[in-house]
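Protein chains in written order, with this note's numbering: chain A, 15 to 175; chain B, 15 to 175.
It is worth saying that the hints were derived from the structure and are not from the lab.
Please note: incorrect hints may appear among the correct ones.
Identical chains blur together in the list; that is why a pair holds if it fits in one copy or across any two.
What the hints assert, rightly or not - Result set (DSS-like, lysine-lysine): computed pairs, CA atoms no more than 30 Å apart in a straight line: (1) K21 with K161; (2) K175 with K16; (3) K161 with K82; (4) K161 with K16; (5) K175 with K161; (6) K21 with K167; (7) K16 with K82.
Please read these numbers as outputs of a predicted model, since none were measured by experiment.
Number of protein chains: 2
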Amino acid sequence: MKEITIKPIGVIHTPFVEINNMPIQPLAAEGVKGVIELDESFVDGLKDLNGFSHITLIYQFHKVDGYKLQVVPFMDTEPHGIFATKAPKRPNAIGISTVKLMSIKNNLIEIEQIDVLDGTPLIDIKPFYPRYDNREDVQIGWLEKNKNLSVEKLRSDERFK
Amino acid sequence: MKEITIKPIGVIHTPFVEINNMPIQPLAAEGVKGVIELDESFVDGLKDLNGFSHITLIYQFHKVDGYKLQVVPFMDTEPHGIFATKAPKRPNAIGISTVKLMSIKNNLIEIEQIDVLDGTPLIDIKPFYPRYDNREDVQIGWLEKNKNLSVEKLRSDERFK
Numbered sequence: 015m016k017e018i019t020i021k022p023i024g025v026i027h028t029p030f031v032e033i034n035n036m037p038i039q040p041l042a043a044e045g046v047k048g049v050i051e052l053d054e055s056f057v058d059g060l061k062d063l064n065g066f067s068h069i070t071l072i073y074q075f076h077k078v079d080g081y082k083l084q085v086v087p088f089m090d091t092e093p094h095g096i097f098a099t100k101a102p103k104r105p106n107a108i109g110i111s112t113v114k115l116m117s118i119k120n121n122l123i124e125i126e127q128i129d130v131l132d133g134t135p136l137i138d139i140k141p142f143y144p145r146y147d148n149r150e151d152v153q154i155g156w157l158e159k160n161k162n163l164s165v166e167k168l169r170s171d172e173r174f175k
Numbered sequence: 015m016k017e018i019t020i021k022p023i024g025v026i027h028t029p030f031v032e033i034n035n036m037p038i039q040p041l042a043a044e045g046v047k048g049v050i051e052l053d054e055s056f057v058d059g060l061k062d063l064n065g066f067s068h069i070t071l072i073y074q075f076h077k078v079d080g081y082k083l084q085v086v087p088f089m090d091t092e093p094h095g096i097f098a099t100k101a102p103k104r105p106n107a108i109g110i111s112t113v114k115l116m117s118i119k120n121n122l123i124e125i126e127q128i129d130v131l132d133g134t135p136l137i138d139i140k141p142f143y144p145r146y147d148n149r150e151d152v153q154i155g156w157l158e159k160n161k162n163l164s165v166e167k168l169r170s171d172e173r174f175k
């Protein structure tokens, strides 16, 4: 299939400089502040974004090298198919995080609840709209048995480096 | 910034062969069936995915040419910044849809509630997990005034071709 070329639209600055000991999801990154530095050429694309409290970021897991088809995710002790997990070591190392939008000043976007490495290349920003993006009555497969795990305290290690 | 090269992992087959008259969101595609044809080399990555009722697909808007920084989205009659909309004519033409997972047979994944064009290149599959992916207490900016719009009946036109 034809390759797709992506040109990052900006970079995400966060307090996380190492791949271990990070929050594994936005839910586990309460209060963690970051700044998106958008390429100045895209500033006009931010019009009216400031009315949204949450935005979904698409970005590259830029420190991940290669991929595995089965992994033991942070949320379990057994291996699962990579597509049944959100682990970063995927065939296309693309991540999604919905974070809190705090402020926009020209090309700088302050965010909170961010769970990515400092210097992460940003691919896209989309507004979060619960009516379209939330789902109820959902089956969650292998996560069912781990759903009471205290993810807020769970931190990453180096397994997906 | 450094370019990112994406190699699609498969293709999404749907009933939609034209960019107009399509559902504009999965919510508007109730009962619409599609099939993901995954590259056979990735089948081992599907282990345990079948326990999930919903999966999030990342894909390319492959029929979109170029981008606009401000657009009049299907949900409004006024222009907004492209990053304050989910319109496809974006700097990186990447889409996200959370769909229903119906069955998996080897490399063929049957899905429902799919809102993309036939032949869409698939970039990634992630399991949908409400605890991480849903958000409550959300402000929705310009969408607030249109939130009672009957999106189930709204269809696309050719404005983002």
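Here is what the structure says about each hint:
no. : hint           : in the structure
1   : K21 with K161  : neither (37 Å within a copy, 33 Å between copies)
2   : K175 with K16  : both (27 Å within a copy, 20 Å between copies)
3   : K161 with K82  : within (24 Å within a copy, 41 Å between copies)
4   : K161 with K16  : neither (39 Å within a copy, 38 Å between copies)
5   : K175 with K161 : within (25 Å within a copy, 42 Å between copies)
6   : K21 with K167  : neither (34 Å within a copy, 35 Å between copies)
7   : K16 with K82   : both (22 Å within a copy, 24 Å between copies)
The structure fails to meet hints 1, 4 and 6 from the earlier list, while all remaining hints are met.
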